[in-house]
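Asks: Residues per chain, in single letters:
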Amino acid sequence: MMEDKIAAIRAEIEENISSLELSAALYEFRKSFLDNKDGKISQLMKGMKDLPKEEKPAFGKLVNDLKTWAIDKFDEYNEKIKAKELEQKNKDEAIDVTMPGVKNEVGALHPDTMVIGELIDIFAGMGFEIYEGSEIENDYYNFTALNTPKDHPARDMQDTFYVSDDFLLRTQTSAGQIHVMENKKPPIKILSPGKVFRSDDDATHSPMFSQMEGLVVDRDISLADLQGMLDTFSERIFGEGIKTRLRPSYFPFTEPSVEVDVSCFACGGKGCKLCKGTGWIEVLGAGIVNRHVLENCGIDPDVYSGFAFGMGVERIAMLKYGINNIKALFESDTRFAEQFKN
Amino acid sequence: MLAPLSWLKEYVDIDVSAKELEGLLFSAGFEVEELKEVGADITGVVVGLVETCELIPDTHIHVCQVNLGEYGTQQICCGADNVCVGGKFPVAMVGATVYATAKDHVTVEGVMTIKKGKLRGQESNGMLCSGTELGVTEDMYPGAGYNGLLVLPKDAPLGMDVKPLLGLDDYIFDISVTANRPDCQSIIGIAREVAAVLKKPFKMPDLSYHTDGKDIDFKITVEAPELCPRYIAHYVSDIQIAPSPAWMRRRLSLVGINAISNAVDITNYVLKEFGQPMHAFDLNDLENTEIVVRRAKENETIVTLDEKEFRLNPENLVICDKNKPVALAGIMGGLNSEIKDTTQDVLLEAAKFARDNIRRTSRALGQSSDSSQRFEKGLDEYTTQLGMKRALHLMEEIGCGKVSSAHFEVSAGNSTDAHPLTVSVRRMNQILGITVPNDEIINCLDALGFAPQIDGDDLHVMVPAWRDDIDDHVQDIAEEVIRSYGYHHIVPTFLKEASVTAGGRNADQKLLLRVKKTLCAQGYSESIFYSFFSPKDLDMLRIPENAKERYAIRIKNPISEELSLMRTMLSASMLNAVVRNLRRGNTKGRFFEIANVFYPKELPLNAYPEERKHLCIGAFGDSETFFTLKGALEALAETFAIKLTFTRSTTTFTHPGMTAAISLDGQEIGYIGRVAHDLCASLAIEKPVFLCELDYDALRPALGKALVYKPVPKFAVETRDLALVVGEEITCAQMEDAMTESCKYLTKVSLFDVYRGKQIGEGKKSMAFKLVFTPDDHEFTGDEIDKYVKKLLKKLEFMLGAELR
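First to last, the sequence lines map onto chains E and B. Using this note's numbering, you'd call the opening residue of the first sequence number 199 and step up by one each time. Using this note's numbering, you'd call the opening residue of the second sequence number 5 and step up by one each time.
Keep in mind the hints are simulated off the structure, nothing from the lab. The structure displayed is predicted, hence computed values, not measured ones. Where is the CB? At the ideal position from N, CA and C, for every residue including glycine. Take these hints with a grain of salt, some might be off.
Here are a few chain B residues that face chain E, going by a calculated C-beta distance under 7 angstroms [to be verified]: (1) Pro-209; (2) Tyr-491; (3) Ala-502; (4) Ala-511; (5) Gln-513; (6) Leu-515; (7) Leu-516; (8) Gly-527; (9) Lys-560; (10) Glu-615.
Some chain B residues judged to face chain E by a derived CB distance under 8 angstroms, without partners named [as the list claims (entries may be wrong)]: (11) Cys-88; (12) Val-89; (13) Ala-482; (14) Ala-506; (15) Glu-530; (16) Pro-539; (17) Pro-613.
Pairs of lysine-lysine, DSS-like flavour, derived with a Cα cap of 25 angstroms [as the list claims (entries may be wrong)]: (18) Lys-560/B - Lys-525/E; (19) Lys-223/B - Lys-393/E; (20) Lys-107/B - Lys-223/B.
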């Protein structure tokens, strides 16, 4: 009688379990047999109390065997169903990985800021402080103190915007040299980036652009030091193996004055379109600070000497990034800005 | 500065090619901007002898047999009227290149290559050429101006290339002369440098002359020596006005000057050769044989050679006879005393006028000339003397007139001699950073005319009289030595003697970069716009007449009205950029700019204005809202741990319902808003545009606060979501403030939804907030939080009429 019941339960489980497909259904099915209160196998256990004492051990073993078998059976099926379910879930969740990502759009720094940043990093490592002067400058600082008195022909080199008789839009960041030297005694190493203005507006000139001025004043500073420093600068900004070439030029506030060319980084100096076949690219002007400039700032030119250099930030940016139109730098076209994210 | 090779060769023995010379000049500081071969376009043209010449009946064309020497005899058809048997002409052979001319045979239309052809059935293997077809003018070669064949000399060898014969193998150097070397604005100046780079002697042009002309009595007075430190006049009699000789006309032509007549050409020639402007007066027009150099009287007038009348003032220097101005000093002669075909007696003038005065007068009157441009660059008085001598020599040489002994020279006493200078060799080498061998120092300076001598550490030189740029210190000499010795001799060193210094950005500079990077991270790209803008930009933003922004610094000489005011705000530039982007089809974008605005203390400016950094942000496109832009500001505030407060406000150019004033610690520092609909319409903007401008300098001190760590709370935070129904007039800020005040443990309140609908009721909205409670010394229980919420709700109901939804 009891044996029949056990066989029936076994058969019921065997018969139905394979048709179950969801783990929730399996759970319910399992509960219908193993639930402590209402489970069919638990009921069998409870029915044992009505059996004669001597039959109890044998029957108890049978029920226990059944229980063990059932648990194994349920566990086995549970594994199978879980695996199937996971497979289905993964299938359902599969995505088109080529669809666009969700991103936080980032903006770009202006190429001038990037170049100035790079220059500052290079020169800060050599001990240069950063000084930023004002855009509106006194005629004295922009010209006179830089050995360019009124009606000096060198003033014709730069078309100046005046805002009053004595004030102008600075034409060169060199104006900062004087402010620094008036307030600081050697050793001086400063880098002065900023906007400058010239009354020139055509395809290749912008009435506003940026310059970066550098000044070193100390004992025994020489032209050889200038070239050594510029060699390091050129390699860092344009790449390994770039060389510099000095050639004579003229600026009122330096003497000797030089134009500094770097070997063409596009062709390695063989001559190409970028360097107009010369193998060299003009990047900056420099020279030994003119003694009168030091005197104007109360620095004894017999004790100290110095060099100064100045470069066009946009020119460096245009060379570095291959920008072909200076005007594009001041237009904020989204298609321009997009290219400078980094 | 144009310098023909042939002219330079007159004074220096040049034994290198034009190309090599270009390189040498470049290394010495004279950049050749263009090296132009005079006959660059002409090839394959040789001397030919016309041996037979037969007219094709009923045409103007002759069939010629032309002997080309080594190139054989060729049949060539020719339509020129001066073709003749026995004539020697330039022959462009098949394959030659010459200028193509229009039907008038005068207008050049480009370069053509000669091909075999047939004219009226007759074969033609080449072309007989005119001067125009070879690019040769009458001034360059006598007879070349004839509208027909250019006739070559009888002795020209057959088959010879015509280029050397016609001077087409010459080169012209267009040299960029730096402002410190006005002496090199002349052929002799360049020739001196050429001599120096080639280490060859410089041969001074012939300055000699005989005084066999009539003598006169003449009076020269210089009343303004400060404007005219030297005035030289010399009388030349028996003037025979005629064309100048071919060589002079050719040289003038190569440097772009048309020959006029011998007397005038001499003045131009000396200007080019010596860089000394000259003037010739017709002596008969000078009243009372007298010259007075003086400042013009107020409202005095003069008519210059080009028949323009000028009203003068005492700032202008004039050359006068007894009564009237006869020349605008250094700029242009007067019409009343010009050289005429009938001129018999000439007073030649060579002077030095102060460059700044010439410059000012020339600018003020809007009148300039080769002469004034030369004076503006600066001139030395030694050259003034040389120039006069050279002019007198030429007067005699080309038979223009007889030089008298009537020479007048008035000077303020400046020396025209070389002067001594001694500098330290050691100091010079120290500036260069290398040791230039003493013999090299001597070589370099000797070639440049400095007559150097070294005595121990003393380097003695004589500074040439034409080198006004030498400022009498060691750096001048160092420059001369190194540009001659060669910069390639410098061995780079790396600040070997310099002190160690601490470098890098200061705190403000670092901060600025961080702010920029924070904004980039929010999707905004950095812009740089011009520091100047247009009065129209202020009009565009409807800035009222009395507003601070209207008190802008005006550029006295702007490029245009559009770029005439220094910016007092950045928003206009940003809005213009948005419009530009939309016009170019860019439908969305985000930008920011940090730049100076300029506030004058008073106008016109007589002190430095206040330059303040502003931050302007712009966003446009369909996905932008007031809150996307506000979010960027909040991110900025969060990054730098500051609190910005937004209160409803208005501007003249933003949407009245979508504008807020931005404050920091109770101080208003800017605005944020959507660009007004009507303004957008007038700018044809069809996308929403949002702008914000802040006084960055007001913000900056708050940004720089030091970072101080607070320990992370020990106990877990508790959150509650509350949906509250309030009247439409209640703002989010009011709700947030009320809640925050009600409970000290409430550390964060954030709105996450606003709902309006029937269930909520007319004129009401439901605002859903997430509340974060942070315990300090014990774990919160649910009951505790409920108690706080209850208290909070009570307060909200009382203060703002809020009800729990």
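Asks: If a hint holds in the structure, say so; if it doesn't, say that too.
Replies: Hints and how they fare:
Checking Pro-209/B against chain E: minimum C-beta separation of about 26 angstroms lies over 7 angstroms; hint violated. Hint status for Tyr-491/B: holds, given a least beta-carbon distance of 4 angstroms to chain E, under 7 angstroms. Evaluation of the Ala-502/B hint against chain E yields a held restraint, the C-beta minimum of about 5 angstroms falling below 7 angstroms. Given hint, Ala-511/B at the interface with chain E, is violated; its Cβ is 11 angstroms from that chain's nearest Cβ, farther than 7 angstroms.
Taking 7 angstroms as the C-beta cut-off, the interface hint given for Gln-513/B holds, the closest approach to chain E being about 5 angstroms. Below 7 angstroms, beta-carbon pairs count as interface contacts, and Leu-515/B has none with chain E, the closest being about 13 angstroms; its hint is therefore violated. Given hint, Leu-516/B at the interface with chain E, is violated; its Cβ is 10 angstroms from that chain's nearest Cβ, farther than 7 angstroms. With a least beta-carbon distance of about 4 angstroms to chain E, the hint placing Gly-527/B at the interface is held under the 7 angstroms criterion.
Interface restraint check for Lys-560/B: the shortest CB-CB distance to chain E comes to about 5 angstroms, inside 7 angstroms, so the restraint holds. Evaluation of the Glu-615/B hint against chain E yields a held restraint, the C-beta minimum of about 5 angstroms falling below 7 angstroms. With a cut of 8 angstroms, the hint placing Cys-88/B at the interface with chain E is violated, because the nearest CB-to-CB distance is about 48 angstroms. Because the closest C-beta pair between Val-89/B and chain E is about 50 angstroms apart, greater than 8 angstroms, the hint is violated.
Below 8 angstroms, beta-carbon pairs count as interface contacts, and Ala-482/B has one with chain E at about 6 angstroms; its hint therefore holds. With a cut of 8 angstroms, the hint placing Ala-506/B at the interface with chain E holds, because the nearest CB-to-CB distance is about 6 angstroms. Hint on Glu-530/B holds. Least Cβ distance to chain E is approximately 4 angstroms, under the 8 angstroms limit. Interface restraint check for Pro-539/B: the shortest CB-CB distance to chain E comes to about 15 angstroms, outside 8 angstroms, so the restraint is violated.
The beta carbon of Pro-613/B is positioned within 8 angstroms of a beta carbon in chain E (closest approach about 6 angstroms), and the interface hint is therefore held. The hinted pair formed by Lys-560/B and Lys-525/E meets the criterion: a straight-line CA distance of about 23 angstroms does not exceed 25 angstroms. The straight-line distance between the Cα atoms of Lys-223/B and Lys-393/E is roughly 56 angstroms, outside the 25 angstroms bound, and the hint therefore fails. About 57 angstroms separates the Cα atoms of Lys-107/B and Lys-223/B, which puts this hinted pair outside 25 angstroms; it is violated.
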